[in-house]
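Sequence lines, in order, name chains A and B. Residue 71 in our numbering is what sits at position 71 of the first sequence, and the numbering runs on without skipping anything. Residue 77 in our numbering is what sits at position 77 of the second sequence, and the numbering runs on without skipping anything.
To be clear, the hints were calculated from the coordinates, so they are not data collected in a lab. Yeah, the Cβ is synthetic: ideal placement off N, Cα and C, and Gly gets one too. Each hint can be trusted.
The calculated DSS-like cross-link candidates involving lysine-lysine, where the alpha carbons are at most 30 angstroms apart (straight line), are:
| id | chain 1 | residue 1 | chain 2 | residue 2 |
| --- | --- | --- | --- | --- |
| 1 | A | Lys62 | B | Lys136 |
| 2 | B | Lys136 | B | Lys150 |
| 3 | B | Lys150 | A | Lys62 |
Chain B residues, not near chain A, derived (Cβ > 10 angstroms throughout):
| id | residue |
| --- | --- |
| 4 | Gly73 |
| 5 | Asp74 |
| 6 | Val75 |
| 7 | Phe122 |
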Amino acid sequence: MGALGKWLEAEGIATTQISLVREHSEAIMPPRALWVPFIMGRPLGVPGDAAFQRRVVTAALKLLEAPLGPVLEDYPEDAPAVAAEESEGFACPVSFSRPVTGEGLAAAVAKEVAELAPWYALSRERHGRTTATLSGLAPAAAAKFITDFIADQSTPGYRDGVDPALALRLATQDLKAYYLEAVAAQPGARAALDANRWFWHETAAGRAYLALREACLKSGDETVRRFGARSLIPLAVAPRPSGIT
Amino acid sequence: MARLADLGQWERELLLDMLKEVPGFGLEGSPWVAGPPLARRRVAIVTTAGLHRASDPPYADGAAANDYRVIPGDVRADELLMSHLSSNFDRTGFQQDANVVFPIDRLRELAAEGVVGSLAEFHYAVMGAARVPGSKPTAARMAGMLRRDKVDAVLLTPV
Chain A
1 MGALGKWLEA
11 EGIATTQISL
21 VREHSEAIMP
31 PRALWVPFIM
41 GRPLGVPGDA
51 AFQRRVVTAA
61 LKLLEAPLGP
71 VLEDYPEDAP
81 AVAAEESEGF
91 ACPVSFSRPV
101 TGEGLAAAVA
111 KEVAELAPWY
121 ALSRERHGRT
131 TATLSGLAPA
141 AAAKFITDFI
151 ADQSTPGYRD
161 GVDPALALRL
171 ATQDLKAYYL
181 EAVAAQPGAR
191 AALDANRWFW
201 HETAAGRAYL
211 ALREACLKSG
221 DETVRRFGAR
231 SLIPLAVAPR
241 PSGIT
Chain B
1 MARLADLGQW
11 ERELLLDMLK
21 EVPGFGLEGS
31 PWVAGPPLAR
41 RRVAIVTTAG
51 LHRASDPPYA
61 DGAAANDYRV
71 IPGDVRADEL
81 LMSHLSSNFD
91 RTGFQQDANV
101 VFPIDRLREL
111 AAEGVVGSLA
121 EFHYAVMGAA
131 RVPGSKPTAA
141 RMAGMLRRDK
151 VDAVLLTPV
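Isolated chain B, as found in the complex (with noise of 0.2 angstroms):
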């Protein structure tokens, strides 16, 4: 699944869309940070999934829908909404475990065991129906936050 011979026309066409628009995107090139051991690193996690905690709005759609949302890192996966503006993906893995999409619990036994070294005191959210050019002033602003908090790896999840 998830291939797009795997899926239906209409969200075929649609993922098809998107990819005529990257080659407009100044995405040439092929950034590349290296950094220690896993072991070593200190882990934030970036979401697409429009996801957010009660307490805060909603995702808008237009241009409020680059803001990101900020989940702190002692959030309980119970408390994370979504309110992605797309009907085209399941939600209910979603309902019924939130770290199917965003997995803090897991990243919490990680750095617990140690194979990874620490987790970072904020992680991230947006909408991903986003366009990208909207969202490459979001990560300026999001990366600065990263740095801050002593972040050297990001795991973007998707939905």
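Just chain A, with the same shape it has in the complex (with noise of 0.2 angstroms):
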């Protein structure tokens, strides 16, 4: 993002920006920049904390009166961490019925998906909204193309105009985030790295998702193998295999 900075300053329009990666910031150094210190995916820091946010915001407005450059500021504000009490229990937060022995994947993931479906509505009605939109799918549908793609590299598409690689990846976003703002709706603060956690390391869909990996690698389909190589599974929770680029 640093390089856009300059491409927009050098077209004559200044800018300012905020930087997660301090390293990269440092390699590009755009004309000006807030290094702060959130993890990944939250620039602002703290969702739902307007006075927070608007902290970050005016720090990284500011830099736009500075009057020499280029400028890389460090932003001092931690975001407060969640209390580890709190986030302590949240290795299984949701009683999932275990799968019984020889149940299959598909199974356990539906059976997930139902159980989920009133944190789901619940959270749907507290914020107005939900992000699990992508695909236009319903939960069960996207459940069900991956779990049938799965089993069946050649299972159709949902969608006309939507290329298979694009199909899983819309699918597949859908329903992590089905699951996330799910379990977030439900009692107890917890930080967000331990409910991607449980994502990846406690649901049958994470398990899921590891299987789709694989199958996509078998797919004749080379955007499909870029898909399950790269796009997927975070790097957090598994390395890219090799050979694939």
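Two chains, two separate frames, one set of hints: put the complex together.
As structure tokens, then:
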């Protein structure tokens, strides 16, 4: 993003930016950057905390009044941590009925989706929205598309004009958003990293995504293989398979 | 967090790999545009978070990844969706409050109080995973639109 700031500035538009990776800003040196000590994905620090966000935005904008540049400033305030005692119990926040022996992954995911439904409904009601709408599929249908694809890579797409890799990306992003929005509506504050850890390590859906990656890597479609190798599983969960560019 | 030393090995390696590409991108030099005090500036947000409205197409992979999306100035934060292709960042913050990525409501408050002069008629979004060379023509097209909108300050937000 630092590069975009430089290009816009070269076009005559003054820019200031929030930086999440200080080393990138040090290397690129955009005209004005405020490095913030927040996790990737939260450049303003704290969702739902207008006062906190306002302090960050104001600090970034103030760099526009610096007399000389480039300017790389460190924002001094950390995002408040979620209390440890509240996040400790998050190893298994939803009491999923454990899949019985021999029960397939598809059935296990379908069961989780059903069990999370009331919490997802509560989240939608509370926030007045959901972000799990990219594919246009209902959560159960997104789950079915994913598990069908694991079983058979020639599973047809669900929308005209959307290539197979994008169809998989949108369905998987929606289903993950469904899980994470639902679990966020449950009692007790929890840290973002705990929620993500839960999805990837404690749910059948997380296991399904790992299986989906293997299925993608077997696909005859190069864009599907690349999606499976690069975009499906976070690097914090598993390294990229070797040999796929 | 988000110093490389704080990240896991594989994330750190990916970000370091991106750094290796920087010297070849022709980013030498330090463009610098001065301007009036903040209270007289017209501000637009440009985000690399892969945001768009539900009516816009999601971000594709490949060449089309360099396309930008227009976000009208009167957008409601809760209309925004994210179809960024990377899975390597937290989305739960955005799910709860789009302002944690796209601080449009905070800018509206600052404009109403006169801290900034005004807000742009249009804001812009791209998907930051697009490689830098591809973003140069995108930036040029965007800059043309920003000039027509009389914008003289851009707040860039990553994800």
